[in-house]
Amino acid sequence: VLTGAAGFIGGYIVEEALSQGYSVTGVDNFSKYGKVT
Numbered sequence: 414v415l416t417g418a419a420g421f422i423g424g425y426i427v428e429e430a431l432s433q434g435y436s437v438t439g440v441d442n443f444s445k446y447g448k449v450t
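When we follow the numbering used here, the leftmost residue of the sequence shown carries the number 414, and every step to the right adds one.
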């Protein structure tokens, strides 16, 4: 399980792990920060 999979570093780690034959489950949070108006 990889948290932050949609980010720059997380995306690289996912690609590298997949290329080495690992099974990857990526998790990320796309919520906006701050007050929702």
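No wet-lab data here; the hints were simulated from the structure. Some hints could be false.
Unchecked claim - The following label-pair restraints were derived from C-beta to C-beta distances:
hint	residue 1	residue 2	range
1	E428	K448	31 to 39 Å
2	K445	T416	17 to 25 Å
3	S444	V414	12 to 20 Å
4	G423	K445	16 to 24 Å
5	A418	K445	29 to 37 Å
6	Y446	I422	16 to 24 Å
7	K445	G424	27 to 35 Å
8	I422	S444	28 to 36 Å
9	S444	G424	26 to 34 Å
This one's a predicted model, so the numbers in the text were calculated from it and none came from an experiment. The beta-carbon is built from N, C-alpha and C at its ideal position, and this holds for glycine as well.
Consistency of beta-carbon spacing, K448 to E428, with hint 31 to 39 Å: Between E428 and K448, where Cβ atoms are some 35 Å apart, the hint holds.
S444 versus V414 beta-carbon gap, inside 12 to 20 Å or not: Because 19 Å falls inside the window, the suggested range holds.
Whether the CB-CB distance between G423 and K445 falls inside 16 to 24 Å: 19 Å, holds
Consistency of beta-carbon spacing, T416 to K445, with hint 17 to 25 Å: Taking Cβ atoms as reference, K445 and T416 lie about 18 Å apart, which means the hint holds.
C-beta pair I422, S444: status relative to the range 28 to 36 Å that was hinted: The hint (28 to 36 Å, Cβ to Cβ) is violated, given that I422 and S444 are roughly 19 Å apart.
Status of the given 27 to 35 Å range, CB of G424 versus CB of K445: Because 20 Å falls outside the window, the suggested range is violated.
Y446 versus I422 beta-carbon gap, inside 16 to 24 Å or not: 19 Å, holds
Satisfaction of the hinted span 29 to 37 Å by the C-beta atoms belonging to A418 and K445: Between A418 and K445, where Cβ atoms are some 18 Å apart, the hint is violated.
Whether the CB-CB distance between S444 and G424 falls inside 26 to 34 Å: 18 Å, violated
When held up to the earlier numbered hints, the structure conflicts with 5, 7, 8 and 9 and fits the remainder.
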